[in-house]
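Please work from the sequences and hints to get the whole structure.
Chains as they are written, first to last, in our numbering: chain A, 403 to 1167; chain B, 142 to 498.
Treat the hints loosely; a few may be bogus.
Computed Cβ-Cβ distance ranges for the label pairs, DEER-style [claimed, not checked]:
#1 A:His-1010 <-> B:Phe-498: 30 to 40 Å
#2 A:Thr-415 <-> B:Asp-428: 32 to 42 Å
#3 B:His-316 <-> A:Leu-1067: 51 to 61 Å
Hints are computed from structural coordinates only; laboratory data are not their basis.
All of these numbers come straight from a predicted model, not from anything done at the bench.
Every residue, glycine too, gets a C-beta built ideally from N, C-alpha and C.
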Amino acid sequence: MRAPFSWLREYVTTSASAHEIARRLSVSALEVDRVIEAGVADVGDNLGRFVVGRVLAADKHPNADKLQLCQVDVGNPDPQQIVCGAWNFGVGATVAVGLPGARLPVLPGPLEERELRGQVSRGMILAEDEVGLGADHAGIMLLPDGIEPGTPLADVLPLHEQVLDVTPTMNRVDLLSMVGLAREVAALAGDELHPPDPEDPPIRRPEIVDVVVDDPVGCPRYIGRVFRDVAVGPSPQWLRSRLHLAGMRSISNVVDITNYVMHTWGSPLHAFDRRLLAGGRIVVRRAHAGETLRTLDGTMRTLLPSDLMITDGERSVALAAIMGGLESEVSEETTEVLLEAANFEPIGILRTSERLALRTDGSNRWEKGVDPHLAEPAAVLASRLLVDLAGAEPVGATDVQARLPERPVITLRPERTSRVVGLDVDADEQRVTLERLGFDVDPGWEVTVPTWRARDVTREIDLVEEVARLVLDRLPHTMPLRRAVAGHLTAAQRSRRLIEDVLVGAGFSEAYTWSLTPTDPHGEAIRLPDPMSGDHAVLRTTLLHGLVDAARVNVDAANEQVALFELARVYFPSGVQLPDERWRVGGIAEGGYEAARAAVEAVHDAFHVPLEPHRAVRSFLHPGKAAAVPSGWLGELHPMLLEGSWGVFELDVDTLVAPVPERILYEDVITYPANRQDIAVVVDDDVEAGALVATALGACGTVLREARVFDVYHGDQVGAGRKSVAVHLVFRSPERTIGDDEANALRERVVAALADRHGAELRAL
Amino acid sequence: MVRAAVPDSKSDTDVLTPRFSVRSRTMDVQALQADALAAVAAASSVEEIDAVRVEYLGRKSALKLALREVRDRETGMALNAARLALEEAVEARAAELARAELDRRLTEERVDVTLPVGTYRRGHLHLITQIRREVEDTFLGLGYRVVDGREVETTRYNFDALNFPPGHPARSPLHSLFLDDERVLRTETSPSQIRAMEAEQPPIYVVSLGRVYRRDTPDATHSPIFHQVEGLAVDEGITLADLTGTLDFLFRSLFGGERRTEFRTHYFPFTEPSIEAYVSCHVCDGDGCPVCRHSGWIEVGGAGMVDPALFEFVGYDPERYSGFAFGWGLERIAMLRHEFPDLRELWRNDLRFTRQF
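Structure below.
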């Protein structure tokens, strides 16, 4: 919403500057995006170089067919000769003149006297776009007759304008209006508010206005006013300028008036060409199934029975509150106008406008809930302007309304305000603030809410906010007492941090990939019924595919030493309403199986969880390099998924840390030294190291603390299809020293068990 | 040193011609000592001093032989004094030479310290994780706990319990990602407020950080998935000033101690009064620059006093308890603080980007 200051100042008398007002509004009322400096620059005496002129003579330039040579009275004894390219005026016209030296926003330097085809031109007769007051360049601006030549142009037009560009929050539709903004400015600065209050033009020869509202819920109020003898034409320059500065396009006087009044009061209006309404009637109803309407933008709209329509009883003439129909549009031929100043229920309007992806200045206000009481002052102001600017004759008026909502009455405890805010706000100050904002406060603090805030302010806390927002810049900065608090991470949160840190230490960088994926291997994975795109359609049950994509990005970027991990959630259907959201840690790294194994080992080691993988089959892994662990899997990525040799893994965090005891108990590993023995056995190639270790550990009980394979040898010495596996054995007891004799005996036991279970033959080391 | 006092047995087998031999009984102790000290001084390596040790102090040395055969006390004392002096001299010289050899070796072992070595590499936490931890740690220090919310929520927790009015845009499938009428990918971290309050009674001091989802087309400043931090404090006597004080503390810790904060009125369904928090621009310190879009202030996010409707939903007495809540995007903080222009980088996972932070 754009609010030109000269317009705003019509409704509030304030000595504050535009920037002061902007600052106060931004803290206490609404977001101020910026203050736009529009029009010609207000520097030096630049504004003084723009004056009103009267054309004394206008003839074709002797040497140019497309130019006029004009003599213009600019208030000096001698007329000013000006060469002009426009032809939309003649002798006697009152025009805007830029004198030599004037700086125009459209020119890089000051205007200079210069010769045009042999004739001196001392200035410029101005078109609206040349001074930032409009978009039109078809002709020069024509000012009302009767203004004295030489009058500063700035007295007549908003030649230099500061425009507030604001965005009210969605609860403050009342601030989508000049009057609403003026009221806020008045309340903040203690200034006086005077909203427009024109005389409602009297109806001399009344006619019936036939308005029927079939759906009073969708349309609680409909003011219809009929005008005859309407002269549709261009708007006067002041109106064109105001609309332009407010960000709207000038169309015709009748349409401009509806937009102007909407901007003034915040209640949108619509004007129909009444002769294009069958019987001149209005019937407000829901659409028939399959009904269509061509809206003003030329689009044919297919409607649903939930859409609210303005009809003439036979066919739809407007999509209520959103956009008029093309067929009943006001045009140059229009002489009779039916002015609609209505009120519409917000939610239905929002649904229709969203479904049709059709948002207008009107729907933007209606969907937020416009005060139904505003329809009347809006109708009055529009009527006044139609009479004044389009020569219209009012001939009829009707106001169809359902019961309009009551103004809420709320009890406020001023001490509660202070308690919530944390600042002692004087009760009198609270009363004055509320009254300035339009609330009525009785001596017992029964507060009656103004109609334009009735949707938004319904509880005591809402009143507290009204006071609070005006003292925000006075608030002290305190801290809550925080009695009985203890800030700590949960064990699960600490575990996740530890995993992250371990992997970072192992050379992995953290990736963030999307929770929504194109497909997922899990048959029951949760799909979005209406995804943003096919690429983001399913809630993933694995991190793998995001990581593969991330690795590919890095391969394409020729990055070296690519190692990525992600610790994030996956989502499994759970059988109950909400999915089972599980934390997973996944990784991908250059270096094939070994890279995955090293990372997974580091993570297990961090939690003192033994890593005991076993051979597994996963379609996305290399068939010979795939392993499973209780919490997930690891292996080498199947080269079909990404070229190269990539280690990948994914572990379920809860499962991984489940065996971790709450605390680790001390074990005496110091007093009695370990006895270490190495053995090497020859076995068939397909005997896995893990099986040998398990057998060894099983053979000796707890005295064998560790059995670790440290070498595997293939070669002539052991024969084809066989391998030699070297195992380091550590015997230790917390109670005694294991001597060599005992260790040797234990070692024999291990060897015997290995021979028995795996056909292992002892090989001399 | 032990080595000098107990001569190595191996060196005794070395055959060296004793310079002072059998005439020991009448040997000139002084001459022998002078001779030996000269040899000690002349030794220029560990090997040479070892040889000197064997020659003059070894088992077959003239001195040792003389000592073995000595009969009179006076000669014995003289010989012993010579032995001690010699041992001392040999020892000192040996240490000196050993040290010199060590020094020489170390000097020769010099490396080019400007040369990189090996392949050690460290990974990097994602920038958002770094900021997440920073925020978490700040609040842990203030006594808050961290709670993990859910990402798939019921519309009841995501909207109804948070007091979203029926026409609020977030309830529309145009803005949010629904699974069905009753389930939605959470549009903000705020449902965790409700879950925290349902789980226990005040006092509650928690923060919750995680992914949220909105139907936004990805561009430089929007992503359908992004991260929020949510904070909630519910206790007796919590005030709006407590909120601004807490945020002031947080922003200074995130953006620098010299920052100023400003709070402006705003609207959110779940807070009343609601405010938007601003911090003075850390680039221009308020003078105006492109980062703050020439306003001097940077909008960080929304906050407010917990709406009593939320207390009613979870069964707290709004007359007894009050609270504040705040929430905003971590991506925004990352972009502001590190001045990168396009948040999509945070999802591309290009290591050239990741390794910068």
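Evaluated hints:
no.	hint	verdict
1	A:His-1010 <-> B:Phe-498: 30 to 40 Å	31 Å, holds
2	A:Thr-415 <-> B:Asp-428: 32 to 42 Å	33 Å, holds
3	B:His-316 <-> A:Leu-1067: 51 to 61 Å	54 Å, holds
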